[in-house]
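Participant: Chain by chain, the residues:
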Amino acid sequence: MILLEMRDITKSFPGVRALDGVSFDLRAGELHALVGENGAGKSTLMKVLGGVYPHGTYGGEIVIDGEVRRFAGVREAEDAGIAVIYQELSLIKELSIGENIFLGREPRRLGVIRWEELYSRAQRLLDELQLPLDPRTPVGRLGIGQQQLVEIAKALSQEARILVLDEPTAALTDAEVETLFRIIRGLKARGVGMIYISHKLDEVFRTSERITVLRDGRTVGTDLTSALDEPRVIARMVGREVGDIFPEAAHERGDVIFEARGMTVEDPNVRGKLLVENVSFSVRRGEVLGIAGLMGAGRSDLLMGIFGAHAGRTTGEVYVAGRRIHIRRPSDAIRHGVGFVTEDRKRYGLVLEQTILNNMTLAGLRRLSGRFVTDVDAEAAAGGRAMKDLRVKANSVFTVAGTLSGGNQQKVVLAKWLLTNPRVLFLDEPTRGIDVGAKQEIYGHINRLAQEGLAIVLVSSELPEVLGLSDRVLVLHEGHVTGEFRRAEATPEAVMACATGHTRRAA
Amino acid sequence: MSRPANEPAADRPPANVDVAPPDAAGTTGAVTARLGGFRVPTETLRAYTMVFALVAIWAFFQWQTISEMFPWGLFLHPVNFTNLLKQMAVTGVLAVGMLMVIVAGQIDLSVGSVVGLAGGVAAMTQDQGLVVSLAAAVVIGVAIGAFQGALVAYANIPAFIVTLGGLLAWRGVILWLTRGETKPVYLTPFRALGVDLVAPTAGYALAALAVAAVVWLTLRRNSARRRHGLSVPSLGATAARIFVPTVLILVFIYMMNTPTRANAQGGVPLPVIVLLGVALLGAFLTQNTTFGRYLYAIGGNPDAARLSGISLRRHILAAFCLLGALVGVASLMHTARVGAATPDAGSLMELDAIAACVIGGTSLMGGRGTVFGAMLGALIMASLDNGMSLLGVQNATQYVVKGAVLVAAVGFDMLGRRKG
Chain A
1 MILLEMRDIT KSFPGVRALD GVSFDLRAGE LHALVGENGA GKSTLMKVLG GVYPHGTYGG
61 EIVIDGEVRR FAGVREAEDA GIAVIYQELS LIKELSIGEN IFLGREPRRL GVIRWEELYS
121 RAQRLLDELQ LPLDPRTPVG RLGIGQQQLV EIAKALSQEA RILVLDEPTA ALTDAEVETL
181 FRIIRGLKAR GVGMIYISHK LDEVFRTSER ITVLRDGRTV GTDLTSALDE PRVIARMVGR
241 EVGDIFPEAA HERGDVIFEA RGMTVEDPNV RGKLLVENVS FSVRRGEVLG IAGLMGAGRS
301 DLLMGIFGAH AGRTTGEVYV AGRRIHIRRP SDAIRHGVGF VTEDRKRYGL VLEQTILNNM
361 TLAGLRRLSG RFVTDVDAEA AAGGRAMKDL RVKANSVFTV AGTLSGGNQQ KVVLAKWLLT
421 NPRVLFLDEP TRGIDVGAKQ EIYGHINRLA QEGLAIVLVS SELPEVLGLS DRVLVLHEGH
481 VTGEFRRAEA TPEAVMACAT GHTRRAA
Chain B
508 MSRPANEPAA DRPPANVDVA PPDAAGTTGA VTARLGGFRV PTETLRAYTM VFALVAIWAF
568 FQWQTISEMF PWGLFLHPVN FTNLLKQMAV TGVLAVGMLM VIVAGQIDLS VGSVVGLAGG
628 VAAMTQDQGL VVSLAAAVVI GVAIGAFQGA LVAYANIPAF IVTLGGLLAW RGVILWLTRG
688 ETKPVYLTPF RALGVDLVAP TAGYALAALA VAAVVWLTLR RNSARRRHGL SVPSLGATAA
748 RIFVPTVLIL VFIYMMNTPT RANAQGGVPL PVIVLLGVAL LGAFLTQNTT FGRYLYAIGG
808 NPDAARLSGI SLRRHILAAF CLLGALVGVA SLMHTARVGA ATPDAGSLME LDAIAACVIG
868 GTSLMGGRGT VFGAMLGALI MASLDNGMSL LGVQNATQYV VKGAVLVAAV GFDMLGRRKG
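Respectively, the protein sequence lines represent chains A and B. The opening position of the first sequence corresponds to residue 1 in my numbering, with each subsequent residue numbered one higher. The opening position of the second sequence corresponds to residue 508 in my numbering, with each subsequent residue numbered one higher.
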């Protein structure tokens, strides 16, 4: 019995077509896995289903039980029996398990909450899932894994018939994963249809009946799991020409300028959990080292840790030009010639209400301007040059950064770090959320900077970007290095196989 | 950085990157709004709006205070205006310090109590001599600033809580030290700090000094821009940049030096000179130093500031210490003006200082605000106070009007922002 059908779904964002005619269906009692690279459109598709993007903002039809549905919001989708459990949990830590499960739907009489009924119903749900938890426990005291299971209990209390699980095992221990799978089996028996998004192909093969692969916002194919194997799924995930938007660039490689040995970063929230474990790498002058990996592989944590900016405990040794240096805070890193174009420019990169110039000179202010008394004219001269070099499109260096387009904002952040005169530059997702033209410009700048002798470490979720720009590729999977490739050997299939933990290889 | 090797220069978009010098009010932002046919930076527009409001308030009170004795109005007459500025001086000094703390995304509610405490200690240590007495107030201000700043920056207790605690605790310390008694100021030079006028000749000498500084700074700026290959303002623009401040300075000093019945000599009150000095120092610190730039960055986006290598803790601590020093200075001015330290001295001053900043366009979320704006705000508040008292408006009404003006000023600000 077909429970859900999504027909020809199309969804565009400014400058990007996130979904392009995707079709997808789900049967009662089945687990249908949805896989694809970062940015393939999985999350967008689920947000369309969950009512996050209301009807009218996307093209195509959602059909449930043979009836076309048009959700105006999340609430209507929930009423139709759809529950989405997102990667970022949406529970309120201060409230108890029971309060969270029935949030907004508390059993009440004359507006007064009937606590006994609420907690007894919550207890029954937890019992059904065989979770040994007291519904009066504050959610904040539970581990991430248990919180995830509470989310599932909440979905069941809403009598969800379509359950979307987005990377549900990302934060779970092995034992918790087993509990989850046991619950999944129970739900299948009850006729609940589940959509399961995961980067972990072994789990996908263990639990799913069918697998759909998305790539660049399109469906590559839907097949019975029994008719597929991991290499074929990987081939479908990456099967794409690395376009010629990447200028062929021969980088003259020099001496090793930067080296990190045995970097280990602990999760600041979960004691003992390691986000990055014993990762070592080195970069030469004029070399672009790409770091590939799927979401949550620890790529940003690695760079943040080296830079002295990670909230978790970080250990390891860092060498610049062969000399051991100690980085305790970002200013140490900057002083030793390490620059870091961080991800999420609005959150970590820019002071949005300030001018382009103030943003560009923030990290290198003392060098550009004066130790204490600033010299606006010296800054304006340096900023003006950087603006021309990087082709930032704005009226003047005194334009407010928040008014710029994403691509131009990214160039401002890049300029900020180039103005610190770095010897090695970390780039974390330097092209996320910017249009194709601006992307190509950034690629050009990366190649030019490498040619000028800068060592570059590039983290990107877009595999073609990593493969197209890097001289060497390091692959991370769950905080470990699972592969290292020279440019010529780095095929999308081989890199993806390491990124999913399917294979391991050394250079 | 050099240009891309593979791209000919002619390929680039026209180099219309105009690196024009920012004007005084527009250094931190240049979002533009349409005003008639002109595009005006909103920051500048906001400053103009405040100036306009001030002029309107002044015009109103001037009109209302016309009498037989003062056919042109009493409000702006040196007799009254001197008083108004003296009233503003204490709030103004506090507002400069408060601005720095607010720009960094913090707040200090303990300012009024510390004014009382530092003033009380200064009055009680007069036996030890003038220097000890004056220094004691400033040292207490800095020490309390450092203590509270450390609790905020290093112990991560929210500034609102730390300084709310301070508001209560330091008031208690005053009562404990003074046993609730009033301590008179008897050292003449101490008293002078609050009431003395600067002799007219000295006033003109200061004016000459200020004009010389304006000329020198303007010309130096031009030569610096030439050296860095930036566009240099035309001769006319340069002349205007010198002419306008010069006229303002001279008119101000002339007005202040006009003899009146109350003081046959005329002259600028000493507290006003102190305020001008503090305001100039504050403007310099916030606009022309790395310290100031970092405060704006920390208030605007702490994450970005931290990742750019800025120590949040050190700068927040320093901002509290600076405010503390200014609180010490303000406590001396206030105690001197009143002529005695009273146990309730300084009550509610923190709110006046915060209100001055906010009326002047400072964001309580941090990252935005100027000393110039805060001074305008303080002047508006003092003008309302003084004008309404002149007109014999009831105390009760005065509070309501001031409260309404505060809310309205921020309301207009938000309205303009949404459109911009």
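Honestly, I wouldn't trust all of these hints.
A short, non-exhaustive set of chain B residues, derived as facing chain A with CB atoms under 7 Å [said to hold, decoys possible]:
| id | residue |
| --- | --- |
| 1 | N663 |
| 2 | P665 |
| 3 | E688 |
| 4 | L737 |
| 5 | S738 |
| 6 | V739 |
| 7 | P740 |
| 8 | G743 |
| 9 | N795 |
| 10 | T796 |
| 11 | T797 |
| 12 | S815 |
| 13 | R820 |
Computed, partial: chain A to chain B, Cβ under 10 Å [stated by the list, open to error]:
| id | residue |
| --- | --- |
| 14 | V52 |
| 15 | G56 |
| 16 | E116 |
| 17 | A309 |
| 18 | V320 |
| 19 | R324 |
| 20 | I325 |
| 21 | H326 |
| 22 | R329 |
| 23 | Y348 |
| 24 | N359 |
| 25 | R366 |
| 26 | R423 |
| 27 | E493 |
| 28 | A494 |
Computed footprint of chain A on chain B; a stretch qualifies when at least three of its residues, placed anywhere within it, have a C-beta under 8 Å from a C-beta of chain A [what the hints assert, rightly or not]:
| id | stretch |
| --- | --- |
| 29 | 651 to 659 |
| 30 | 746 to 759 |
Treat the hints as calculated values from the structure; they're not laboratory data. Predicted model, so just to flag it, every value in this text is computed and none were measured. Glycine included, every Cβ here is placed at the ideal spot set by N, Cα and C.
Participant: For each hint, tell me whether it holds in the structure or not.
Facilitator: Hints, one by one, checked against the model:
A least Cβ separation of about 13 Å between N663 of chain B and chain A goes past the 7 Å threshold, and the interface hint is therefore violated. Here the hint on P665 of chain B is broken, as its CB sits about 18 Å from the closest CB of chain A, past 7 Å. Annotation: E688 of chain B was flagged as interfacial toward chain A, and the flag is violated, the nearest CB pair being 44 Å apart, outside 7 Å. Checking L737 of chain B against chain A: minimum C-beta separation of about 6 Å stays under 7 Å; hint holds.
Because the smallest distance between the Cβ of S738 of chain B and any Cβ of chain A comes to about 10 Å, over 7 Å, the interface hint for this residue is violated. Checking V739 of chain B against chain A by beta carbon gives a least distance of about 10 Å; that is not within 7 Å, so the hint is violated. With a cut of 7 Å, the hint placing P740 of chain B at the interface with chain A is violated, because the nearest CB-to-CB distance is about 12 Å. Restraint check, G743 of chain B versus chain A: the minimum CB separation of about 20 Å is more than 7 Å; hint violated.
Given hint, N795 of chain B at the interface with chain A, holds; its Cβ is 5 Å from that chain's nearest Cβ, closer than 7 Å. Evaluation of the T796 of chain B hint against chain A yields a held restraint, the C-beta minimum of about 5 Å falling below 7 Å. The closest approach between the C-beta of T797 of chain B and any C-beta of chain A is roughly 5 Å, which is under the 7 Å cut-off, so the hint is satisfied. Proximity of S815 of chain B to chain A holds as hinted, the smallest CB-CB distance being about 4 Å (cut-off 7 Å).
Hint status for R820 of chain B relative to chain A: violated, with the closest Cβ pair at about 10 Å, above 7 Å. Of the supplied interface hints, the one on V52 of chain A is violated, with its beta-carbon coming no nearer than about 26 Å to a beta-carbon of chain B, more than 10 Å. Interface hint status for G56 of chain A: violated, as the beta-carbon distance to the closest one in chain B is roughly 26 Å, over 10 Å. Look at E116 of chain A: its Cβ only gets to about 38 Å from chain B, farther than 10 Å, so that hint breaks.
Among the interface hints, the one on A309 of chain A holds; its C-beta lies about 6 Å from the nearest C-beta in chain B, closer than the 10 Å criterion. The interface hint given for V320 of chain A is violated, since its Cβ lies 16 Å from the closest Cβ of chain B, which is over the 10 Å cut-off. Interface restraint check for R324 of chain A: the shortest CB-CB distance to chain B comes to about 20 Å, outside 10 Å, so the restraint is violated. A distance limit of 10 Å between C-beta atoms decides the matter here; for I325 of chain A the minimum to chain B is near 14 Å, and the interface restraint is violated.
For H326 of chain A, the interface hint is violated, since its Cβ never comes within 10 Å of a Cβ in chain B; the closest pair sits about 15 Å apart. A least Cβ separation of about 7 Å between R329 of chain A and chain B falls short of the 10 Å threshold, and the interface hint therefore holds. At a threshold of 10 Å, the smallest CB-CB gap from Y348 of chain A to chain B is about 5 Å, leaving the interface hint in force. Using the Cβ-Cβ criterion of 10 Å, the hint placing N359 of chain A at the interface with chain B is satisfied: the shortest such distance is roughly 8 Å.
Hint status for R366 of chain A: holds, given a least beta-carbon distance of 6 Å to chain B, under 10 Å. Annotation: interface hint on R423 of chain A violated; nearest CB of chain B at approximately 14 Å, more than 10 Å. Restraint check, E493 of chain A versus chain B: the minimum CB separation of about 32 Å is more than 10 Å; hint violated. Checking A494 of chain A against chain B by beta carbon gives a least distance of about 31 Å; that is not within 10 Å, so the hint is violated.
For the stretch 651 to 659 of chain B, the proposed coverage by chain A is not satisfied: 0 residues have a C-beta within less than 8 Å of a C-beta in that chain, short of the threshold of three. With 0 residues having a beta carbon nearer than 8 Å to a beta carbon of chain A, the stretch 746 to 759 of chain B misses the requirement of three or more and the stated coverage is violated.
When the structure is compared with the earlier hints, violations turn up for hints 1, 2, 3, 5, 6, 7, 8, 13, 14, 15, 16, 18, 19, 20, 21, 26, 27, 28, 29, 30 and for no others.
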